[in-house]
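> Chains as they are written, first to last, in this note's numbering: chain R, 1 to 95; chain E, 1 to 95; chain S, 1 to 95; chain H, 1 to 95.
Simulated from the structure, these hints should not be mistaken for lab results. Mixed in with the good hints, there may be bad ones.
[Stated by the list, open to error] Straight-line C-alpha distance at most 16 Å; calculated EDC-like pairs for lysine to aspartate or glutamate:
no., chain 1, residue 1, chain 2, residue 2
1, S, K8, H, D58
2, R, K8, E, E26
3, S, K8, H, E26
4, S, K8, H, D34
5, R, K8, E, D34
6, R, K8, E, E30
[Stated by the list, open to error] Simulated restraints on C-beta separations:
no., chain 1, residue 1, chain 2, residue 2, range
7, R, T33, E, M87, 56 to 66 Å
8, S, V81, E, K88, 12 to 22 Å
9, R, D34, E, G47, 24 to 34 Å
Note that CB positions come from ideal geometry on N, CA and C, so glycine has one too.
Chain by chain, the residues run as shown.
Protein chains: 4
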Amino acid sequence: MPHSPEDKRRAVMRLRRIKGQVQALERAVEEGTDCSLLLQQIAALRGAANGLMAEVLDSHLRELFGTQKEDTPHAAVDPDVEIEALMKILRTYLK
Amino acid sequence: MPHSPEDKRRAVMRLRRIKGQVQALERAVEEGTDCSLLLQQIAALRGAANGLMAEVLDSHLRELFGTQKEDTPHAAVDPDVEIEALMKILRTYLK
Amino acid sequence: MPHSPEDKRRAVMRLRRIKGQVQALERAVEEGTDCSLLLQQIAALRGAANGLMAEVLDSHLRELFGTQKEDTPHAAVDPDVEIEALMKILRTYLK
Amino acid sequence: MPHSPEDKRRAVMRLRRIKGQVQALERAVEEGTDCSLLLQQIAALRGAANGLMAEVLDSHLRELFGTQKEDTPHAAVDPDVEIEALMKILRTYLK
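With the hints as extra help, turn the sequences into a complete structure.
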């Protein structure tokens, strides 16, 4: 997982963009680019890794604990709503 | 910059390792690896990006503000000592 | 929640320590303490806030999705094991 | 430091707001507030600690390396411009 073909495709797209960022950084270092620009690109790389983390974490929580057809385990709470609330908070740590 | 050939070489080595991590992640997603393992690998990728950030930041601060042969600008402080103290703190944000 | 009296007590203890750190910082700023020391104390404050986050997040996940006496919802996975694995990863973001 | 009375006053104001947040959290835990709300408040507390970090770090860099009346140490660069560029990047790590 990410299980759905759509989730998988999106994760792969993100990873290809990240690979492009890493390659651009490698060239930038080789060419002696100004540190200040490198730092910006590294911050963007971290942002992209965090975005990927948030997406895979979201899939993971939904797969593990999201509602499924038949069961509605802890009836008082809607797990999907809870996961959404949780991800909203965790995303503030993944910027 | 990183200016010295040695700094440059180390930054490039780090970037190659990071590219390897990204490629391994892409394969892992394609193969439907368990999310929990993907999350570990993404956390390691972020750690590597942070390590690179710390290293380039350190070079940048030394280049901008480190002692140079002739001048010793704000005589009361040793800029190298200050930069080292600063990086020690910033590294706690870059884990 | 944190629901159990023990969890609650620990969260309150952490918050009291954090309050102590904030008060010490306020005094330090008033007294004109060196920035470098202030930065260390602020990094420690952030560490303490992250530690609290990790603890409350752990309680929250267990309450929402942890095993309960009667039901074992998605039989293939042990939610407690999954939560532990997840928290292990999230803690790397909460240092 | 922060040296100027204005910087000091602002740091103290931030710390008082943070103390208020910590006290509100302590009450919230005592009253058994929902974890989801606690997590939001803890994320806000971390944000406030990061905001304080950014501010003190900015003061610190300016004090150590900012331009001063007489000297213009490494003539090719304007340290104030460099510090501003640096803080812009570091702030992305301090959200």
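> Give me the numbers of the hints this structure contradicts, sorted from smallest to largest.
Hints 1, 7 and 8 are the ones this structure does not satisfy, whereas the remaining hints hold.
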